[in-house]
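S.K.: Take a look at the letters that make up each chain.
Protein chains: 2
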Amino acid sequence: MDIPTFDDMLAAHERIAPHIRRTEVRTSAYLNELTGAELFFKCENFQEPGAFKVRGACNAVFGLSDEQARAGVATHSSGNHASCLSYAAMRRGIPCNVVMPRTAPRAKKDTVRRYGGKITECEPSTSSREETFAKVQAETGGDFVHPYNDPRVIAGQGTCSKEFIEQVDGLDYMVAPIGGGGMISGTCLTLSTLAPETKVIAAEPEQADDAYRSFKAGHIIADDAPKTIADGLLVPLKDLTWHFVSRHVHEIFTASDPEIIDAMKLVWKHLRVVMEPSSAVPLAVILKNPEAFCGKRVGLIITGGNVDLDRLPWLAA
Amino acid sequence: MDIPTFDDMLAAHERIAPHIRRTEVRTSAYLNELTGAELFFKCENFQEPGAFKVRGACNAVFGLSDEQARAGVATHSSGNHASCLSYAAMRRGIPCNVVMPRTAPRAKKDTVRRYGGKITECEPSTSSREETFAKVQAETGGDFVHPYNDPRVIAGQGTCSKEFIEQVDGLDYMVAPIGGGGMISGTCLTLSTLAPETKVIAAEPEQADDAYRSFKAGHIIADDAPKTIADGLLVPLKDLTWHFVSRHVHEIFTASDPEIIDAMKLVWKHLRVVMEPSSAVPLAVILKNPEAFCGKRVGLIITGGNVDLDRLPWLAA
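First to last, the protein sequences are chains A and B.
With the working numbering, the residue at position 14 of the first sequence is 14, and numbering never jumps.
With the working numbering, the residue at position 1 of the second sequence is 1, and numbering never jumps.
Just chain A, same shape as in the assembly (with noise of 0.2 angstroms):
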């Protein structure tokens, strides 16, 4: 296992600072009221493809030696991983395959296009998208950079607690949520040294809760098919992803998906922003475990942006 460094963070850092947002932090005084804690925002769906992760697609991307890029990138991946690995592969003039089911929404498959990737369809089964993967990565060579479980990526991941430790001081805790556990893993990773007094919590939504059944096992555990409003947070947490959550996450909070939806609508009421639902799931935890926050400053990441702005989970029938 190749476990990022710190020093692979920092260097990551000054390899994508040119192609990436330093985002701002919002605050609301509404919220604040609204929990009893100190509430900071930090909005990577902001950055240009809408979500943290061009933050690993860049550093793995610009990473690469002008050998290796040549053949261009490969990955699989329905959300906004694909998308943001197009943009980062375009912005470097390089090829960028991704394999997405057939079934993934058109809108993330016009993304993944409007930024040069070329989409080669599977089934949405994980056999025919591993076939189908192999034979892509065979006939174009591309390096395989995995959405959450590649070193480069997490220290790309790791960039964003950077910026937030140096835009807000003392915070109590930071929470994220966690899928595959790449932003987690990130975070572990740039806390640990920059800020350990800080405490990780992951937030993860009730329907997919394997991240917090492997934790409380000391094992991973994988759901099958698990099904939530939270839709980029479906994924397991694999070898890699795991050795950070299991050694430097404080606690991981679940919370339900009406609880989820509605902490989204607030935010959307009260900071104004659009976000997903998986980036809700931080705030749904915190207004469900008051008593864990109230009087601390805590730190959330707002992991992305891209939503179906027809079809809104609150006015769903």
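The set of hints was computed from the structure by calculation and includes no laboratory data.
Treat each hint with caution, since some may be false.
Note that identical chains are pooled: a pair holds if it fits in a single copy or bridges any two copies.
To be verified - Here are the simulated lysine-lysine pairs, DSBU-like style, with alpha carbons at most 35 angstroms apart:
| hint | residue 1 | residue 2 |
| --- | --- | --- |
| 1 | Lys118 | Lys296 |
| 2 | Lys135 | Lys216 |
| 3 | Lys265 | Lys288 |
| 4 | Lys199 | Lys118 |
| 5 | Lys109 | Lys238 |
| 6 | Lys288 | Lys135 |
| 7 | Lys109 | Lys269 |
| 8 | Lys288 | Lys269 |
| 9 | Lys118 | Lys135 |
| 10 | Lys265 | Lys109 |
| 11 | Lys135 | Lys199 |
| 12 | Lys288 | Lys118 |
The hints should help you fit chain B onto chain A, whose structure is shown.
M.R.: Only chain B this time, still in chain A's reference frame:
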């Protein structure tokens, strides 16, 4: 007529600085590509009460002597001015009386009450509003802060462009929505001194184009019951705002309601901020007149972000 001066604007900025946010300016590579212009969006929707109107309201409230302040302030408004004046009064700890039509959206009334504003309802007609307001003012002695035809309010709104010019150099155009003309007047007040080379463009809904027709005719024309999705822009120009509009505005462009809704959705999708229909008129007129803006550096003021999230215009039946 008591025309506010550039020094009034400077004094306003110093007075309100502790009570407002220096809102960020955001960009989108996608929207730049789409328009061929370089667009800069100043996010006044990120003010705590969600609109630039907190600037003028705070300038009026914090400019009162202690003696004047004791009786508080009063206004009539069904929109952001009511919330922002209540917010400013709450911060100073003085009463705020607001006359609102009984038909105003409950969400707007709730916001006024959350900030401690006291609502007196009137019928949705000018005569009822004036009669009710006269009574409220006579009873309370509150200082009348008009939503826009007030020199303190215009000087306050002018602080937005001062920040904007400090944040972004060399704008060719500054585009803001026009309703009663408070924001546009403040913009003219500030830019005519600080950046006379930056042309001020007003953006108006086609279905409430009284400012456009006034501008062409050379005198104020008031609409008879205009109806547009841009509900913040229904009110007519008054003498003070006409003073600035007639002297300093370079051009007024209009856009239809469907064009406004399209522009609104584009900003939600690509800037990932929640803004009201009124705030979308500037982008709508830029998209409609590409030849006027192509290759230019253009500032746009996102005036507010108070939207009923249960009734989004693109989802209306």
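S.K.: None of the hints should be skipped; say for each whether it holds.
M.R.: Outcome of the hint check:
Taking the closest pair of Cα atoms, Lys118 and Lys296 come within 35 angstroms of each other only across two copies (33 angstroms); inside a single copy the shortest separation is 46 angstroms, beyond that limit. Taking identical chains as interchangeable, the C-alpha atoms of Lys135 and Lys216 are never at most 35 angstroms apart, the minima being 38 angstroms within one chain and 65 angstroms between chains. For a Cα distance limit of 35 angstroms, the shortest separation of Lys265 from Lys288 qualifies both inside one copy, at 15 angstroms, and across copies, at 32 angstroms. In the homo-oligomer, the alpha carbons of Lys199 and Lys118 never lie at most 35 angstroms apart, since the shortest distance is 40 angstroms inside one protomer and 43 angstroms across protomers.
In this assembly of identical chains, Lys109 and Lys238 lie within 35 angstroms of each other by CA distance solely inside one copy; the values are 26 angstroms within and 50 angstroms between copies. For a Cα distance limit of 35 angstroms, the shortest separation of Lys288 from Lys135 qualifies neither inside one copy, at 46 angstroms, nor across copies, at 46 angstroms. Taking the shortest Cα distances, Lys109 and Lys269 sit within 35 angstroms of each other both inside one copy (28 angstroms) and across copies (15 angstroms). Proximity of Lys288 and Lys269 under a CA criterion of 35 angstroms is satisfied in both settings, with 19 angstroms inside one chain copy and 29 angstroms between copies.
For the homomeric pair Lys118 and Lys135, the shortest alpha-carbon distance inside one copy (14 angstroms) is at most 35 angstroms, but the shortest distance between copies (68 angstroms) is not. Both within a single protomer and between protomers do Lys265 and Lys109 lie at most 35 angstroms apart by alpha-carbon distance, with minima of 26 angstroms and 19 angstroms respectively. Taking identical chains as interchangeable, the C-alpha atoms of Lys135 and Lys199 are never at most 35 angstroms apart, the minima being 43 angstroms within one chain and 57 angstroms between chains. Taking the closest pair of Cα atoms, Lys288 and Lys118 come within 35 angstroms of each other only across two copies (32 angstroms); inside a single copy the shortest separation is 42 angstroms, beyond that limit.
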